[in-house]
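Enquirer: All residue numbers for the sequence shown refer to my numbering, where the first residue is 1 and numbers rise by one.
Certain hints may be false.
As the list claims (entries may be wrong) - Straight-line C-alpha distance at most 27 Å; calculated BS3-like pairs for lysine-lysine:
#, residue 1, residue 2
1, Lys101, Lys36
2, Lys36, Lys112
3, Lys91, Lys101
4, Lys50, Lys9
5, Lys36, Lys76
Claimed, not checked - Beta-carbon label-pair distances, calculated as ranges:
#, residue 1, residue 2, range
6, Lys94, Gly121, 41 to 51 Å
7, Asp83, Ala105, 43 to 53 Å
8, Arg113, Gly10, 19 to 29 Å
9, Gly63, Val12, 16 to 26 Å
The set of hints was computed from the structure by calculation and includes no laboratory data. We put the beta carbon where it would ideally sit given N, CA and C, even for glycine.
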Amino acid sequence: MTGIQYMKKGQVVFREGSQSDFAFIIEDGQIEVSRKRMDGNVEVLDILGKNEIFGELGMIDGGPRSATATALENSKVTLISRDDLNTMAQKDPKAWFPIVKAMSARLRRSTKREKKMIRHGSLRRSK
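Using the sequences plus the hints, can you model the full thing?
Expert: Structure, rendered in structure tokens:
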């Protein structure tokens, strides 16, 4: 593991569009994940707690952060670099399972949210 970081309530862990060097595991506290919508409003995507991982998508694909993460309360997180993850996965390929599981759960929630938005007319189906 790369290290421990302590976040104060309201502190931004990372911003949407910033470089993705690390994923984070919450040791203590809560982290809100949000993004700015096209209309300028902020949409809360998730509220995460102890033992949950976040920031993994950009760390894996090297792309910019797709959301902003903010501490909802004083929090403690462990940072994991891409190199750390690759080393763990080489020693034990099962190290990927928690990350894949977290990404799958987020994809399901996102799909559910989009279906709800389509039903309510706030999102149009692509053709």
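Enquirer: Each hint: holds or not?
Expert: Evaluation of the provided hints:
Only pairs whose Cα atoms come within 27 Å are accepted, and lysine 101 paired with lysine 36 is accepted, the gap being roughly 25 Å. A threshold of 27 Å between alpha carbons decides the hint, and for lysine 36 with lysine 112 the separation of about 19 Å falls inside it, so the pair holds. With a C-alpha separation of about 19 Å, the suggested pair lysine 91 and lysine 101 falls inside the 27 Å cut-off, and the hint holds. Proximity of lysine 50 to lysine 9 is assessed by CA-CA distance (about 15 Å); at most 27 Å being required, the pair is judged to hold.
At roughly 25 Å between alpha-carbon atoms, lysine 36 and lysine 76 fall within 27 Å of each other, so this suggested pair holds. Separated by about 43 Å at the C-beta atoms, lysine 94 and glycine 121 satisfy the suggested range of 41 to 51 Å. Look at aspartate 83 against alanine 105: about 25 Å separates their beta carbons, and that is not inside 43 to 53 Å. Between arginine 113 and glycine 10 the beta carbon distance is about 25 Å. The supplied range of 19 to 29 Å therefore holds.
Roughly 19 Å separates the CB atoms of glycine 63 and valine 12, a value that falls within the hinted 16 to 26 Å.
Violation of the numbered hints given earlier is confined to hint 7; every other hint is satisfied by the structure.
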